[in-house]
Each structure stands twice: as structure tokens, then as C-alpha cells.
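Full structure from sequences and hints, please.
There are 2 protein chains.
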Amino acid sequence: MRIGVWADKARLMEAAQGKRRCDLSIENIQLVNTITGEIYPAGVDVLDGIIVRVRDKGEDSPESLKIIDGEGRYLLPGLIDTHLHIESTMMIPSQFAQAVAPWGTTTIIADPHEIANIMGIDGVHFMLDDSKDTPVRQFFLAPSCVPASPAVESGGAQFGPNEISRLLDTPRILGLGELMNYRQICNQQPRMMDIIAEGAKRGAFLQGHAPKLVGADLAAYILAGPVSDHECRSTEECLEKVRLGMHVNLKASSLSNHLQASLNGVKNHRWKDNVSLCTDDVHAATIFESGHLNRVIRMAIEYGADPLDAYRFATYNAAREYGFSDLGAIAPGFVADLQLLDNLDGGCPYLVILEGKEVAREGRCLIQPANNERHFVNTIKLPPLSVSDFMLKVPEEDVETFTIHSKELGPFNGGCYEEIPVKDGYLYIEDDPDLAIMHVFNRYGKNNSAAAPIRNFGIIKGAVASTIAHDCHNLMTISRNPEDALIAVKALQQSGGGIAVAADGKLLAHLSLPVAGLMSDAPLGILVEEIRKTEKAVSELCSGSTLLKMATFALSALPGAILTDQGIIIDSAEEFTPLFRKKH
Amino acid sequence: MRIGVWADKARLMEAAQGKRRCDLSIENIQLVNTITGEIYPAGVDVLDGIIVRVRDKGEDSPESLKIIDGEGRYLLPGLIDTHLHIESTMMIPSQFAQAVAPWGTTTIIADPHEIANIMGIDGVHFMLDDSKDTPVRQFFLAPSCVPASPAVESGGAQFGPNEISRLLDTPRILGLGELMNYRQICNQQPRMMDIIAEGAKRGAFLQGHAPKLVGADLAAYILAGPVSDHECRSTEECLEKVRLGMHVNLKASSLSNHLQASLNGVKNHRWKDNVSLCTDDVHAATIFESGHLNRVIRMAIEYGADPLDAYRFATYNAAREYGFSDLGAIAPGFVADLQLLDNLDGGCPYLVILEGKEVAREGRCLIQPANNERHFVNTIKLPPLSVSDFMLKVPEEDVETFTIHSKELGPFNGGCYEEIPVKDGYLYIEDDPDLAIMHVFNRYGKNNSAAAPIRNFGIIKGAVASTIAHDCHNLMTISRNPEDALIAVKALQQSGGGIAVAADGKLLAHLSLPVAGLMSDAPLGILVEEIRKTEKAVSELCSGSTLLKMATFALSALPGAILTDQGIIIDSAEEFTPLFRKKH
Chain A
1 MRIGVWADKA
11 RLMEAAQGKR
21 RCDLSIENIQ
31 LVNTITGEIY
41 PAGVDVLDGI
51 IVRVRDKGED
61 SPESLKIIDG
71 EGRYLLPGLI
81 DTHLHIESTM
91 MIPSQFAQAV
101 APWGTTTIIA
111 DPHEIANIMG
121 IDGVHFMLDD
131 SKDTPVRQFF
141 LAPSCVPASP
151 AVESGGAQFG
161 PNEISRLLDT
171 PRILGLGELM
181 NYRQICNQQP
191 RMMDIIAEGA
201 KRGAFLQGHA
211 PKLVGADLAA
221 YILAGPVSDH
231 ECRSTEECLE
241 KVRLGMHVNL
251 KASSLSNHLQ
261 ASLNGVKNHR
271 WKDNVSLCTD
281 DVHAATIFES
291 GHLNRVIRMA
301 IEYGADPLDA
311 YRFATYNAAR
321 EYGFSDLGAI
331 APGFVADLQL
341 LDNLDGGCPY
351 LVILEGKEVA
361 REGRCLIQPA
371 NNERHFVNTI
381 KLPPLSVSDF
391 MLKVPEEDVE
401 TFTIHSKELG
411 PFNGGCYEEI
421 PVKDGYLYIE
431 DDPDLAIMHV
441 FNRYGKNNSA
451 AAPIRNFGII
461 KGAVASTIAH
471 DCHNLMTISR
481 NPEDALIAVK
491 ALQQSGGGIA
501 VAADGKLLAH
511 LSLPVAGLMS
521 DAPLGILVEE
531 IRKTEKAVSE
541 LCSGSTLLKM
551 ATFALSALPG
561 AILTDQGIII
571 DSAEEFTPLF
581 RKKH
Chain B
1 MRIGVWADKA
11 RLMEAAQGKR
21 RCDLSIENIQ
31 LVNTITGEIY
41 PAGVDVLDGI
51 IVRVRDKGED
61 SPESLKIIDG
71 EGRYLLPGLI
81 DTHLHIESTM
91 MIPSQFAQAV
101 APWGTTTIIA
111 DPHEIANIMG
121 IDGVHFMLDD
131 SKDTPVRQFF
141 LAPSCVPASP
151 AVESGGAQFG
161 PNEISRLLDT
171 PRILGLGELM
181 NYRQICNQQP
191 RMMDIIAEGA
201 KRGAFLQGHA
211 PKLVGADLAA
221 YILAGPVSDH
231 ECRSTEECLE
241 KVRLGMHVNL
251 KASSLSNHLQ
261 ASLNGVKNHR
271 WKDNVSLCTD
281 DVHAATIFES
291 GHLNRVIRMA
301 IEYGADPLDA
311 YRFATYNAAR
321 EYGFSDLGAI
331 APGFVADLQL
341 LDNLDGGCPY
351 LVILEGKEVA
361 REGRCLIQPA
371 NNERHFVNTI
381 KLPPLSVSDF
391 MLKVPEEDVE
401 TFTIHSKELG
411 PFNGGCYEEI
421 PVKDGYLYIE
431 DDPDLAIMHV
441 FNRYGKNNSA
451 AAPIRNFGII
461 KGAVASTIAH
471 DCHNLMTISR
481 NPEDALIAVK
491 ALQQSGGGIA
501 VAADGKLLAH
511 LSLPVAGLMS
521 DAPLGILVEE
531 IRKTEKAVSE
541 LCSGSTLLKM
551 ATFALSALPG
561 AILTDQGIII
571 DSAEEFTPLF
581 RKKH
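From first to last, the protein sequence lines are chains A and B.
Mapping the first sequence onto the numbering used here, position 356 (from 1) lands on 356, and the numbers just tick up by one.
Mapping the second sequence onto the numbering used here, position 103 (from 1) lands on 103, and the numbers just tick up by one.
By construction, these hints were calculated from the structure, which means they are not laboratory data.
A couple of the hints might just be wrong.
Chain copies aren't distinguished; within one or between two, either way the pair holds.
Listed below are the simulated SDA-like cross-link pairs for lysine to any residue, each with C-alpha atoms no more than 25 Å apart in a straight line [claimed, not checked]:
#1 K201 x M1
#2 K506 x S495
#3 K19 x A200
#4 K9 x R202
#5 K267 x E38
#6 K201 x P171
#7 K9 x K201
#8 K19 x D8
#9 K201 x R172
#10 K267 x G37
#11 K533 x V377
#12 K201 x V5
#13 K212 x I39
#14 K19 x D571
#15 K446 x S495
#16 K57 x L239
#17 K201 x T170
Written out as C-alpha cells, the structure is:
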């Protein structure tokens, strides 16, 4: 697939031959050749956003309209993030582009899977619209598992083969987003196989997601179609996947970091073509303070990757994974997505160029953000709630309650039945400092909710409420105190969503994410300040917990114990684990 | 592009999970992983021609219908030849497959450019038909330059955008064959740009051919569309091309060997993804005695390539060049094209498997050749010829004659005007042992011919005649004696073409190539015997010349001095260099 389809071949050829003036020449640089692995002095000429020449040091520079003196810096292709959810940054696509362009990111492939679970196809179109004409080239994938488990959860939309087909025929949608229902796929569940067939018959990209899947089932999963994985949790898992031909997207998100372990599965291989980098879920504060994909490069280098390898993962290899034949290298015919860097260390580039135009310099975006219309600012539909709705009623005497164990106990949330004291017909947790009550309220007008006790989340008192609750993004609360839970929820209802923290009858912090209850359209600085304040409140109230930790407790695609708006499920089962059972 | 489109996903998945019996398991092997560069013990399971599992050493083997004990040998993917002309092997495709399958070749991409110049689209369809159901997967490219220089030569066909369009829409034709008119392309000649446009609009593969092209013109050539080159003649040329993103097909043909020089341009690079191997023009005797693509691997290793790199060039890299996503590696979902090897040294494999079926063992093909109908056995259309037609008449007195200098003098044939004695109105060469007369007769009924003296070809006496004369494949003779030339030509007229050698009034050798005057349908053993006999006669008569050397003297796409059926051209010019000029 060629990206630079706008270019007129004849003009480019004439420019290469000196018969036509170039738009841009970059002189005095050390070219990092992502094809051969060499670094050498060169000059680069650009017309119509396309590289037309890479000149030897000795050759005279042409009289281009603009000439940039690279002052001896490294010139590299722009970075390509192979998998992320823009929604997780808490920014809308136009603001996201403003935030990541200065870090050298020029192309992303996003799965708009969060907003799709809330707003359906309209949500995906919002992402497409809001990402137009930004300083980052934004591609999307059709969210393949909306919702992950229709039998046991409900969100704002359901995608079957028809919806997927509509999306796949939409420009800038490259294929199927992470096929995370790997168990259903291994079992040839008709819904998932039909969705895959829509992608396969178009020759579209089929993105995988298969944590801890190995052996015969991994082979079956690969045979079903998915070509990539970004969920490796160990060296062995990463090694097996890359050996079997999967594209391995090494990630360092704000939620998890298995980068070192997975990198160890590939970094010493003779050939590493199928290795790229991704961010998956990073929020605005991480981007603001530490960077975007360059942060993953920096971490990979710290974990022992050769810097040239790390940059290749994020450029040439990423482009090849998606079949972009004119991205990821600096050569005639390639799109002029470029960055000038002082060092090959994952730092912030001095200059970032998209399609031959300067978009960021010394950490600042040079492009004004579009002033787009506000969308989806009123997405929380709940019944009237009172304090008792945040308590957990026990139906009869002599029961044990299924308690979810937060993941400090293992790689995924565990759980087991235990006897919890009861007072006035409700679970009584006050004397057990490790316990809290978790609620998931359907926020799409269905009027249902589910609850379970949770052990070890770390919450001391008060409550946290959030409309970020993967993947259906229902309203989730974790509380020691039901009054505080109600305060937090009311704050979210007023703002349109986000994360709220309350204790001792007071609202302590409130991160307002009005767009679909997931994203803000505020300028980055303001958003990051709100995030930091809320993060601080969360970590003070819930020792050891980060802002987005609770967002995964409803993620039905994950192994372990999960709470949806309908009940508890374990290991992505399509049936519920009863909250109560008769005492033995 | 997926090759294994025949496979049913559900069956494969079930086989991977042990729910369905596999056709084949291969045990006790050292798997050479062309993705990672590792070698490790494994077992491989195949169903319906597709690999469904690569098992760890420890895992039990399933009860497959057939089990092969690899006896500890290396298991690798089959070899892929990225560029060749089957016609140059002198075998028809069905016989060619018989000859190369035992050497481990499982896929080829051939440019049927020779027969296209003779028989047009019908010729291409003959190659498509005759290559069906053979032990090698045969793809083709649409010959892009038929003929190379329509203004200055004539063959049996002319391809414009319409003919190219028809071919590109034909199954098993992957793109445009070598775009060797690089000068015309750099100058945006409408005919070539229109032909390229037919390929580009289909996203088809555009194969390049640009010997010695560097700098601004090379950039323009790349911008025009061609993505590969197999014509590197020096280390510097190869380095420049690979740096600029071209796929470099390193070759060792029967005609030329720049493998060492071009390999030196890439072998020490950190990344070598864009390097593959090809044979271009090898004849049957080379294949019979030394091998096919494995011969290039062997030579590359001798020239310092790491054996793992060399095998990767010929498998994984080749597959990626053409966008075959399921060839070139051993992993679930890949087509089961495999070879078992005792050593990684370019030797003959112990066993060759195509789509899960054994096709060759210990150097012998296990598949019976098809008994196809004979085609194109009467393609020489000449006017009646007499002895004087093989002499060179001088039109007036006091002229100098343009004399082609055979390439011992430089990388390509040179030439200059010189004074040559005249006797009875004809050039008189008898007293100058370095001189001979070269003729090219149109053999497609056009009744025209051209001639020039040739210096340094090495011919002592007699004559050589050939219907192999790139690319129009007119009838070419090089003679010291016109009577012998007539004898040789008459032999070719009788057999339907080939190469004939005569001296002292006698036919010394006659390699009969009845199919289009280029190929034999005789069994390999008989053909090779004839080739050897003729080769011996040629080298005895023409010191230092090989069988196919004269075939390039009419190749208008080559730099240097060339003789077509219409006259002399230099450096692919579209105008003739006069044979005679007035003495200064």
C-alpha cells in the first residue's frame, strides 16, 4: 500500500533530475538508513511531500524553496505506533496529534474500540473526522470485539459482520482491530469467524491480541487469521510468537510494562523484522511528561536493545507490518515523514516533518489545533441512584460471597468464595481494611448493575468512580463508603464522565472527560493538571493503585475474575459465576 | 498475497488442535527459522499443503497419515528464484521444473520475455500452460519491453499498454517483467510510462533492470516505479541501490557473474531484508551439473555470505519482495514448501516437498513430466539465402566501417570506425585473425537484415549461427567464412532453431531448440549432451567464447555497441550508427 498517492510521478522525476525546483532540501545531516542499518552524511530533497533524492555528501544542493541546515544531526523517518487506543490518552484525536507530534510520531494505527463500545459506528466516525488534517497521520482499525462478550455484558453498541463490513469499506480503516476474543476464535465461534471473514476476504490487516496463548491453541489462532500480537507477558511467550511468524508489537503502556521481558525474547535474534513498538494505552500525562512512542524506544534501549534496532522497530518494521511501502525509510519515493535528532536515545526530536512540512520543533507543535465541534458530551444514562445502591445486599443467610482479588496476587485478578460479615442484610466490610465493594452500572439506559466485593485493591476509605471501564465503559465504582460513592457518581453525571474521588463526604478530585465519558477536548496542559490532581487523590486513597487500574476490572477479554454490568465472569467464560453460594 | 488460498481454515485449525488427522508430520529435524535466524529441534505438521503446527521437541507427534524421519537434518523452506527467463535454460517450463525441483527450488518468478518477443501473447500463454501442475510453483511477469527498442529492431511481437493490460489481468502473472528500458523511462517516454501505469494502477509488482544507473537518474527511475534490480555490476552500484530501497536480486547466471562484487555491497549490513537471489539466464547444462538457485547460494557462501543469510535471501526475503505472506518460512499458515538438507552449504537437498507432497529425493524428481503437446516448432521465416548474404558488401570506396569490439575490451561491447580491406566490393577479413562478420537476419518474415564486422570475438574460422539473440531472437551469425555460415543456418532452418557450428564446409555441432527456436522439449540428459557437444565446438572454434555469449550482441537494452536486424545502435539509442562513413 502506497501512502503518497497524491504525488505526480512526472513532477517527482523531474525534481530528482534537477529539472524542477524542490520544495525542501535538508543539508548537513547524518542519515540513519533504516534499510541497511548504516549512518552516513547525505542531503535529502523533497517535492510534494515525497523524497525525490538522497544525495551523496559531495553533491551540490539544489536551489530548493526551503533549505534546512541539519547542523550535523541525525535524520530519521518519523515514528509509527502500531497499536493504540487514542481514547486511553483521554484526548480527542485532534488534541492527541498536537501532543504526540513533537515527540516524533508521524503515523499511528489506532483501534477506536473504546468509543465504539459507547457510541457504535458514529463513535468511529467521530474519531475519523476529528483526526483529519492533524500533524499526525491517523489510521484506524475496525473494532472487532464490540463488546467482547455480548452474552455477559452490555455497552452502547454491538458489532456483527454487517457493522464490520461497513467499517472496513471506510477510507482510512485498514483492517480489523485487536481480535482479543482469542478463546472464541480458537473454538471457531461463528460470530468471531464471520467477523474475521469480512477482513480476510478484503485482504485487510487482522490485528491479534492473545495474552498467554501458546502451543496448539496459538497455532489455531494464527491459522484463523490474526497476524500480530501486543500482549506478550514473558520472554518465552514472545519468543514463541515471533518464531511462529507473528508480528510482535512490543509495548510499554501506562497500565503495564512487559517490555523488558518480551524484548528479551527477540533482541538477540539475527533477524528482527517482525518486531515493532506500540503504546496501546497511555494517558495524556505520560505523553506530556515522558513522550509517546519515543518513550518506548528509550525504554527498549535501557532494556538492552541496540538503538538502531529500536528505531527500526518503530519505523521500517512498523511500516512493513502494515504493508506501507513508502513509509519508514528515507529514500526516493518515500513520504517525507522525518525527524532530526541530536542523539539516538529516544529523546525529543529537534524537528519533526510530516509530508515535507515542519510540524514540530524543540518539543512544540507548530500546527494550530482545529476548532472542532463538541460531540458526545452527554453519554451517561443512569437510573436515579441512592446510597443503598452502592452497598451489597445479601439475599439469604449462610452464604459465601465471591470476592475478586486484585492483581497484586498474580498476573490477573483472581477470586474465590469467602465468608464476609453481614449487617442489616448488607455485606459489612468496615472491619476488614482489605475489602471494598465494586459496582458496575450500565450507563446506556439499561437500568441494570452488578456488584462484588474486591480484596486488596488498596482503597482505605471513600470511593472512586469512573466511566473508563474497559471495554463497555459502564460506570464503575470501588468504595469503602457508599455515601462517598454517590458523591463521586453525581460529579461524573454532571460533567459527562471521567474519574471522581470522594472521601469523608467530600469530592477530592474530579477528572472531567466529557467526550463520551472517555476523552477531554481541553488543551493538554489543563488536562494533565487535572489528571495529576486526580491521580494524586487516587493514589492517596488507594495505596499502590494508579489512575487507570480500576478500568481493567470490567475487561471481559482478560483472563481472571472480572465484573461486568451483569455479573462476575472468570477467564472470559460466557456464563456468570454466582456472587453468592450456600456455605459448605 | 496469500498463496495457499485453497485451504479451509476450519480444517487447519482443527488439525493444529489435534482434532483432525494431519497428512504429514516431519520429525527429528533441526528447524532453520528464516524469521528469527535460529536453528532448533522441532516437529512440523501439515494438512492440505499448509503447515499447521511447529511443535517443540518435547511434544508428542500426532498420528499423521505419513511421518517422515528427518534423521537430524536441517529443515528449510523451499527456494524462490526472484528473476529468471526459463527460455534461457533452453527447456520448456515442464522440463525446467523436472530439472530444478531436485535442487530445492519450489517457486520461481519468470519473465517470459524471450518467447514474447517471438510469439507474443500466445507465447506467454504457452509458458503458462506448460508450467501447470509441475513440481515447481511457476509465476510469470508481463514482459514490459517487447521489443526493447521498436524504433531500431523488429521481432515477432510488439507489446503496448493494451497487450500489457491483457497480460496483467491473467492469473499467475504478478506484475511487469524487467523494465530494462531505463533510459526511456528516465526520459518519461510515453510508451514506457503508459506500460508502467498499467502495472501501477493494479498495484502490481514492477521489476527493474538498470545496469550502471546511479545518482539522479537512478532516483528518477525509482520514482517511475520499478522496485528491484538484478543488474548490479559493482559493489558501489549495489550499495547505492540497496540504500535507496531497491530490492537487489543478486545473480549468478551462465552469462555473467557479478555476484561477488554486488554481494560485497550488502553482506556486512546490519539489515539485509531487500536482498534476494536470482539466476536470470542459466542454461540446462549449468543446472544439470551445478544446480539452480542453490548454486547461487553456494557461490554466495564462497564469496563470504553467512550461510544463514544466503538461505534467507533465497527464501524469506524473496517471498517478501513479491509480497507472498505465506512463503519463505516454516510456521503455521505457511505453505508446506520444504527441503531437508544435510548441510547449509548450497548442496543438493535430501528431500524436497512442495505443498506437503514429496517432489524430489536425493537429486531425482519423483514426479512424472506431463506429456504436453508440441508448440511453436516452426518459427523461422527467412527469405532464400545464399553465400553472399553472409558477406558484407561495401557501398563505395574510401569508407571506414563501424566495428563492434567484443567485451573483453571493457564491461560492454565497444566499437569504433576503422579501415578494413575491401576485395571485390566486400569487406575482406581473411588477413586479420581478430575480425569476423556478424549478421542479424529478421526471422519473422520481414526480409531485412543488418551486418557489422566484429573484433575480438575469438572466432578462428567457420561460423556460428543462433536463433538465441536477445531480445528479438532473430537469426544471428558470426562468421569468418560465409559458406560455413550458410551451412549452419540451413541446419537451424531444418531443426526449427538453436545453435549450429560449422567449419571447413562441415556442420560440427547442432544444438536443436525447436520450440520457438529457443527451447527443447527433449529429456534433460539428451539436451545437456547436445549442449555440451555444441559448447565444445563453439569454444574450440571461438577461443574464450561460451555458448550463449553471442546471444547478447543484439540486446538493445544493454549499454555499448549492439547489432539489431536493422542496424548498429550504441547505448540503447533510438537511432542507428551508420555502418560506413567516409574516410577522413
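A quick look at each hint next to the structure:
1. Taking identical chains as interchangeable, the C-alpha atoms of K201 and M1 lie at most 25 Å apart whether they share a chain (17 Å) or sit on different chains (12 Å).
2. Taking CA atoms no more than 25 Å apart as the test, K506 paired with S495 passes inside one copy only; the shortest distance there is 17 Å, against 102 Å between copies.
3. Taking the shortest Cα distances, K19 and A200 sit within 25 Å of each other only across copies (24 Å), while inside one copy they are farther apart (45 Å).
4. Proximity of K9 and R202 under a CA criterion of 25 Å is satisfied inter-copy only: 16 Å between copies versus 28 Å inside one chain copy.
5. Taking CA atoms no more than 25 Å apart as the test, K267 paired with E38 passes in both settings, with 19 Å inside one copy and 12 Å between copies.
6. Both within a single protomer and between protomers do K201 and P171 lie at most 25 Å apart by alpha-carbon distance, with minima of 17 Å and 18 Å respectively.
7. Within a single copy, K9 and K201 get their C-alpha atoms only as close as 31 Å, which misses the 25 Å cut-off; across copies the closest is 13 Å, which meets it.
8. In this homomeric assembly, K19 and D8 come within 25 Å of each other (Cα to Cα) only inside a single copy, at 15 Å, whereas the closest approach across copies is 54 Å.
9. Taking the shortest Cα distances, K201 and R172 sit within 25 Å of each other both inside one copy (18 Å) and across copies (19 Å).
10. Taking the shortest Cα distances, K267 and G37 sit within 25 Å of each other both inside one copy (15 Å) and across copies (12 Å).
11. In this assembly of identical chains, the alpha carbons of K533 and V377 lie at most 25 Å apart only when taken from the same copy (22 Å versus 86 Å across copies).
12. For the identical chains of this complex, K201 and V5 are neighbours both inside a copy (24 Å) and across copies (11 Å), given an alpha-carbon limit of 25 Å.
13. When the C-alpha separation of K212 and I39 is checked against a cutoff of 25 Å, the pair qualifies only between copies, where the shortest distance is 24 Å, while the shortest distance within a copy is 38 Å.
14. For a Cα distance limit of 25 Å, the shortest separation of K19 from D571 across copies, 23 Å, qualifies, whereas the shortest one inside one copy, 64 Å, does not.
15. In the homo-oligomer, the alpha carbons of K446 and S495 lie at most 25 Å apart inside one protomer (21 Å), although the nearest pairing across protomers, at 86 Å, exceeds that limit.
16. Taking the shortest alpha-carbon separations for K57 and L239, only the inter-copy value of 15 Å comes in at or below 25 Å, while the best intra-copy value is 41 Å.
17. In the homo-oligomer, the alpha carbons of K201 and T170 lie at most 25 Å apart both inside one protomer (15 Å) and across protomers (20 Å), since each shortest distance falls under that limit.
Violation of the numbered hints given earlier is absent; every hint is satisfied by the structure.
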